[in-house]
Amino acid sequence: MRSTEPRLLHPVAWWVWATCLAACALRTTNPVLNGLIIVVAGFVVAWRRPDAPWSRSFASALRLGALVIAIRVVFQIVFGVRVPGTTLFTIPEVTLPSWAAGVALGGPVTAEALTSALYQGLRLAAVIACFGAATSLCSPYRTLRALPAVLHEAGVAVTVALSFAPQAVISARRVREARRLRGRRDRGVRAWAASAMPVLEGALDRAVALAASMDGRGYGRPGTMTPSRRRTVSVLFLLGVVAVAIGAYGALDAGAPGVLRVPAVVLGLAAVLAGFALSSRTTGRSRHRPDPWRAPEWSTVLTGLVALGASIVTPTAALHPSVSPLEVPMVPMVAVLGLLVAVLPARLTPPPPALVGASSLVVAA
Amino acid sequence: MTTALAPRADARAIRLRPASWALLAVAFVLGIAAFGWPLFASSGPNSSHTGDAPWLMVVLVPLVLGIVIAQLADGSIDAKAIALLGVLAACGAALRLPSGGVAGFEPVFFLLVPAGRVLGRGFGFVLGALTLFVSALLTGGVGPWLPFQMFAAAWIGFFAGCLPAWRGRAELWMLAGYAAVAALAYGLVMNLWFWPLLAGSDTSVSYVAGGGLVDNLRRFWAFHLTSSLGFDLPRAVFSALFILVAGRPLLSALRRVARRASFEPPVAFVDPHPEGPPAGP
Amino acid sequence: MGGRAVAVLGRVGASAALVVGGLGVALGLALVLALGVALGPGLAPAAAAPADACAAPMAETDVRVVVVVDPGDGGPMSTTCLVVPRGTTGMQVLARRAAMLGVAVPRYASSGLLCAIDGYPSSGCGERGGAGFRYWAYFSGTSGDWSYGKGNPFTRRVVDGDIEGWRFVEGAGNGTDPPPRLDPSPSLFPVQSTASSGPTSSAGSSAGSSTGSAAGAAPSGSPSGNVADGVVTGGDAPVSSDAAAGRPVVGDAVSIEVAGAPVVASTSSRPWVPVVIVVLVMVGLAGGAVVRSRTRA
Amino acid sequence: MISFDRVSVTYPGSDRPTLSDVSFEVPEGELCLIVGPTGSGKSTLLRAVNGLVPRFTGGSVAGTVTVGGRDTAGHTPRELADVVGYVGQDPAAGFVTDHVEDELAYAMENLGIAPEVMRRRIEDVLDLLALHDLRDRPLSTLSGGQQQRVAIGAALAAGSRILILDEPTSALDPAAAEDVLAALARLVHDLGVTVLVVEHRLERVAQFADRVIEIPGDGQRVVIGLPSEILPDSATAPPVAVLGRLAGWSPVPLTVRDARRRAESLRERLAGLDAATFAPVRAPHGARTVSVRGLRAAYGPIVALRSIDLDLHAGEVVAVMGRNGSGKSTLLEHIVGLRTPVTGRIEIDGAQPHRFEPRHAIRRVGLVPQDNAVLLYHDTVAAECAAADADADVVPGRTRRILDRIVEGIDPQAHPRDLSEGQRLCLAMAIVLAADPPVLLLDEPTRGLDYGAKRRLIAVLSSLAAEGRTIVLATHDVEVVASVADRCVVLADGDVVADGPAREVVVHSPVFAPQVAKVMAPQDWLTVDEVVAALAVAEAS
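Protein chains in written order, with the working numbering: chain A, 1 to 365; chain B, 366 to 646; chain C, 647 to 943; chain D, 944 to 1484.
Mixed in with the good hints, there may be bad ones.
Stated by the list, open to error - Okay, the calculated beta carbon distance ranges per label pair:
hint : chain 1 : residue 1 : chain 2 : residue 2 : range
1    : A       : Val313    : C       : Leu926    : 21 to 29 Å
2    : A       : Ala111    : C       : Ser793    : 49 to 57 Å
3    : D       : Glu1172   : A       : Pro6      : 27 to 35 Å
4    : A       : Arg287    : C       : Ser769    : 49 to 57 Å
5    : D       : Val1060   : A       : Val313    : 48 to 56 Å
6    : A       : Arg173    : D       : Gly1102   : 50 to 58 Å
7    : A       : Ala277    : D       : His1075   : 34 to 42 Å
8    : D       : Pro1355   : A       : Arg173    : 26 to 34 Å
9    : D       : Arg1164   : B       : Trp531    : 49 to 57 Å
10   : A       : Pro6      : C       : Trp918    : 42 to 50 Å
11   : C       : Leu926    : D       : Val1060   : 51 to 59 Å
12   : A       : Arg287    : D       : Gly956    : 37 to 45 Å
Honestly, the hints are just simulated from the structure, not real lab data.
C-beta atoms are modelled at their ideal positions from N, C-alpha and C, and glycine is treated no differently.
Model the full assembly from the supplied sequences, consistent with the hints where possible.
See below:
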């Protein structure tokens, strides 16, 4: 049932899929698995990203991941407490002054230490890659439309910002050039700083014009939200946040009874979702051609969940290969197969349409 | 006879209802937990879980952020506030573009602090969050850290709106000082978030589950000192300087627009001939 | 991936997900993530096998192991005998021992390095001391002498009669580090008999009683009196509790092994083979991705 | 449909009302044109219709405004959104979403209209305004005319029976303006939509108007009536009407078509006279000031200018014409040295402008950009003038004197961005002229100017030319070109397609011919003034 008619997949589907992969990455330090996660994400992105500026963010995510690995390794080399084992090289030892907490730097660097740093860095890189995949697969505008209706106002603001930011950049350039027309320097920091004001002035004027047009076009027509219902929603939100906070505390404090942990989070999420549902139902707004949720969406979500499930049933020892003593990381076939399932969306989902536009992001990206 | 519509004393772009205040309070506490958990978390049988605590937070923080923003925006926000939010967030993001959103040169505060100052707490909160969100979308910097950046920036905007109502030189210096402090604090908390991830668990500066508050503070201080303070100090200085230099026109521009897009305009419908039916509700 | 398989999976996916329901998926996902992070590594064995299992007759699938934990100058030495399912790894043995004695579970760094046994040392992990690394060295004793690092405690499967030795040392992190101050010998195993007999049953009971209090501060859970003869055998708990508590543990352990069966296969003979295979797959996918994006650009 | 009953509007902080005691009725299905000089309160009147005044701007409104049976005092703008559609001056500034279709749907989504209804209406609007092939284009990629049509469509789709538009064509080239106006006319005639439009370019709109509201400003009464009654006597009559009035035709024609029918006799009377001799006399052109050789410019893959050769001389006024995106602005930016030529060479008395030090550049050549607000940094007019004096280092007060010479009575304490289009243009010109550049370039100077302001601009430009300056203006405004330019260069996608005396180039072009030329063709009269002068001579002989 490979659907051929081009359309953008529902952003929520991609986000769920990516979140599952990210969760898989979080559960393991196994370089084989994390590497596989990155590759899988990259593959799907390569096949299903639309031709739009934002879809380049996967590349930048990869770069960021590399940076993170580097940082992690450097820290290990400089500050690493030495995991005993085969010493690769030794760097001179320094002890920072007491105001710098008297930390000891340097010393012998062991292969074990570096490997563990690499493993952990790779884990972070994989997580970042998953986020990058999600952002490059879904149009930010669609994602904003998928927000619960109660976040509509914020969504509108972000939409406005997304289409205005590039123009701000352009007009900043124009103002900087215009300085030349007044016989002022058009290069350097001062020019840059001085160009900020006119740009801002123009932006603010535009904001007023925009607000006028929004007002004239029925923005924020009061929905059928009765005060009592509004109060209910507020209470639900408050309750949810408190419960979630308690859950977080339970997860952090070992002394806390286990009942605080999961049930509190569940309760909180439930309350919050109820609040969202309730308040979304009562905004007197309708939606033109909402993104459909069909079989491809379902299968994408499912593949993600399969991957996550596979990683959950895999024993810890396989997910966290030992580095002291060093050994070849094991390859838990179940997890690997699960991740391979997560590649399928590259074929199960419809191809993206040729023109997704949003060239307004061009300048930025 | 005159019917004045919506005459209000304060000119806040986003007004805070009691419910919002309560929510903000809880969110603040949760924020402290979300950033500071490594310092508070205790060790024990499930101490290994604390290694995953940041990821639990990654699920919870955006949720809370969304709720707070929803609560703030709900009903009480008008088209002008939205338009200003969008445009200012865009400008902030545009300012942030050259720096690619990487820590260090972080011009966000130039705009955020004065805007929060002029347009009020609630507005500052939402603006802070949205600015970082937008710039992340533009620079492809969306990641697990984003909600936390949004959260931190939101509070910076919020507290900028809480500063005392000084004017003139005093105001400039106050804002500059605040911007510097905010920049440092922002760097600090974001670093606190990155700490367990970047420093791992087996270096002399890394987070030790249940290592005790003092010990962990010591280690974190060392980490902060050696990792990002080098970026944060210049950023703080730069923010302060910029506000000292460009602060006055910036504030006047914002005040001008706040006046033009008068948030509670003194609207009146006057009926010229009293014998006629009264106009207006 | 064949279009047919794809089709099948797609249909299955559609129908299954239809049942679940969209919001359900979202909520469930958030939960799975929360749970996954909160309870992720929670696969450590839970219940404790009774102490006198060593003396009691045991099932075919079980083996007897003695664990010698020597915290160096950090406290007295403790020797424990316990019965574990065949194929249990050194680390699992250590965990079961902690569960059985009711002392703090071993603490690990995320690098996999063992930081603390019985809560000693209370903080830090493999820090540098004057004379080298301060860490728990792993020995395995067969008859008479200890041998250092004979395999990785994560993966080394104990066999019947094994003696696992842990010594907290300050050393170079190689074979020169001193072994536990107690020679491994089969005598560490109590004589196996049907009757519940032990030389120092009182000591055993005291060990049993000390489990609760010893969990926190005291580094080792066994009173010094036993260290003199170095033998700790459990007190005489009723045999019935064996069946009650023991089975679920074994079942649990077995299920783990089933799930991890490929692991065993991979680590046994040529560990590189599966890695190479997966890497090849990865290269293939990456190549496909690159080619795809080239052709698009 | 729309009724004002003794309406006065007073903004907060101003002592006298912006509109005072305005009363009129606009019946359904009419296109009503609002004319009047800048600052007379046209926009205020427009915004009062859907309650943006005073709800949005603040201020107090006396009297009652009733729209489609609803009273603006009792209904907020958003509650009127399904009756009145408002299209602001710059449509792009009013776009909330990113794509055409979303934009069309936006208002309806706010009004909570059922999805299927929404879908149907959007399809209708797409067809009605010929937008169907743009339906999923990003708004930022649309041309001005397309954006304007989308904005109108968005208002229509919301189901409003009344459209109010603020200068819908001021930013458009003639062709695009034709599209938009034709679309409006169709809405009025086919659907009975009521349209209220403010427009300065009467020569474009007058023929479509069923009714005209004139706001004379400075306190005179607002009058409403048929175009043929009001326009001829108003200060803002289109050239064809002025011509008709002078020739004593009645009723005064408002379209070229009507005028041509009548112009038979006039053409006979003026036959044999050489139009050129009646044009305002110009000092003979001086030496060459600017030379452009083989100039080529490109933005990435898009070629803006192919190979331009151009010579400009002291004392000549050159009009650069061509449709939007034909490279006019790019040419000016190269001449002033903002851009470095890809290939080719530009010389201003022997040196290449992009090499100039900014401080010296402004003494050689000056540009008033299309968006002249980019020249304004300060928060009062006085500060701007002082800064300009400093930039050009000339005696303090010079800029202000130049400004007063161009237009009098600008409040020195006003914020530059609060000035009217015309006033801001004058300020920008004054700033540029402060350094006394021999070459002055203007990009779209007439946008948003009323006839009065245009006449002043024309006077200023000719006097500047008389001082021996080289004036280049890139513009769509054929009437201004006809009355001030003595040479005309036409660009079409990067090539010079015509270059010669304005009269020859303009008269025979269907697009660029001014109304008078169209009326008098085949004779080559350009402006009413020429005709008047010629008539005087004809009478005399």
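Here is what the structure says about each hint:
no.	hint	verdict
1	A:Val313 x C:Leu926: 21 to 29 Å	holds, 25 Å
2	A:Ala111 x C:Ser793: 49 to 57 Å	violated, 22 Å
3	D:Glu1172 x A:Pro6: 27 to 35 Å	violated, 58 Å
4	A:Arg287 x C:Ser769: 49 to 57 Å	holds, 55 Å
5	D:Val1060 x A:Val313: 48 to 56 Å	holds, 50 Å
6	A:Arg173 x D:Gly1102: 50 to 58 Å	violated, 41 Å
7	A:Ala277 x D:His1075: 34 to 42 Å	holds, 37 Å
8	D:Pro1355 x A:Arg173: 26 to 34 Å	holds, 31 Å
9	D:Arg1164 x B:Trp531: 49 to 57 Å	holds, 50 Å
10	A:Pro6 x C:Trp918: 42 to 50 Å	holds, 43 Å
11	C:Leu926 x D:Val1060: 51 to 59 Å	holds, 57 Å
12	A:Arg287 x D:Gly956: 37 to 45 Å	holds, 42 Å
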